[in-house]
Amino acid sequence: MAESAASADDEFEGECDPMEALLAKHRKEKKALKEKTLSMKKTAKSGNKLKQKETNAEIERLEAELAARHEREIADLKSSAHAEPSAGADVSSEHAKGELDGLEQSFYKEVQAKKEEAVRRMQEAMQKDRENAASSLRVTEMAAIQKILDERGLSLVDIAPDGDCLYNAVANQLSRVKGYEQVTGKDMRRRAAKYIRENKDDFIPFLTNESDDPLDEIEFEKYCYGVENESKDGGVWGGEPELNALSQSLERTIELIQPIGPPVIFGENYKKTKPLIIVYHRHAYQLGAHYNSTAVKTMA
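Per the working numbering, the sequence shown runs over residues 233 to 532.
Everything labelled a hint here was simulated from the structure, so no lab data went into it.
Careful, some of the hints might be misleading.
When the alpha-carbon atoms are kept at most 27 angstroms apart in a straight line, the in silico DSS-like pairs for lysine-lysine are as follows [stated by the list, open to error]:
1. Lys283 x Lys454
2. Lys260 x Lys310
3. Lys268 x Lys257
4. Lys418 x Lys503
5. Lys379 x Lys506
6. Lys285 x Lys273
7. Lys464 x Lys432
8. Lys310 x Lys262
9. Lys529 x Lys410
10. Lys506 x Lys529
11. Lys454 x Lys285
Label pairs and their in silico Cβ distance ranges [what the hints assert, rightly or not]:
12. Lys504 x Glu413: 16 to 26 angstroms
13. Thr372 x Lys454: 30 to 40 angstroms
14. Ala345 x Glu303: 12 to 22 angstroms
Here a beta-carbon is modelled for each residue, glycine too, at the ideal position from N, C-alpha and C.
Full structure from sequences and hints, please.
Next up, the structure:
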């Protein structure tokens, strides 16, 4: 019984003390973020290396933002409390309990209002920081890509960010090869899915579900369906496994230019033919990864 009473007292104290309430809220948010990031990591494991890198970067950003927000909220609450010192202790010894309750309620309402205003300002500042950071990353990334393309005498060919960009980028490259002039991104999806189905044993070790377990027959077919169909029909974005499938199926090298590090090469054993050169962007769009095509620069 005593333990129950103590628990009730703790709960009452947490509700009355703004700092305790804030810390309790922070604990819940940390727990929720941890669960979310664990789920993100599991999902990323079933994708390619680029997807895993993106996920890790996103997790770091979320954790940093949460930590910064918590620090600001605590600082704002402390500042509010110092600016409006509670008169509770003095009043309790000089006035009736009714007047004390009224002052305490007024104080806590004011503190809560200041907290809400501080949170609003913080959220606005964080949103502006995110927009500025995204813009900065986008500019930096594009400058790095442009430098690489200039050094190789290439120009960027924009591909629509519609969920089919990887396949459309490869199709754009292939359309310049004799016999493939009319090829489309949809053709590339079907070709990749067909090759993966026919060579299941080569791909299945690298494909896992959200629980990080190997795909069963139904899950494998569902994955192939996502590869085969366009984004508007339930298809999923492409990555390394699909680029590998296309390279092997076409018997051509596919070169993936990145803003940092050397290009990723698929189908190195097909170097006798001209490579298909596409570009990987991490920060071009808010939705995530994007792929563009390239073209040889022409003399002005």
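Hints versus structure:
no., hint, verdict
1, Lys283 x Lys454, "19 angstroms, holds"
2, Lys260 x Lys310, "20 angstroms, holds"
3, Lys268 x Lys257, "17 angstroms, holds"
4, Lys418 x Lys503, "25 angstroms, holds"
5, Lys379 x Lys506, "22 angstroms, holds"
6, Lys285 x Lys273, "10 angstroms, holds"
7, Lys464 x Lys432, "25 angstroms, holds"
8, Lys310 x Lys262, "21 angstroms, holds"
9, Lys529 x Lys410, "20 angstroms, holds"
10, Lys506 x Lys529, "16 angstroms, holds"
11, Lys454 x Lys285, "24 angstroms, holds"
12, Lys504 x Glu413: 16 to 26 angstroms, "21 angstroms, holds"
13, Thr372 x Lys454: 30 to 40 angstroms, "38 angstroms, holds"
14, Ala345 x Glu303: 12 to 22 angstroms, "21 angstroms, holds"
The earlier numbered hints are all upheld by this structure, with none contradicted.
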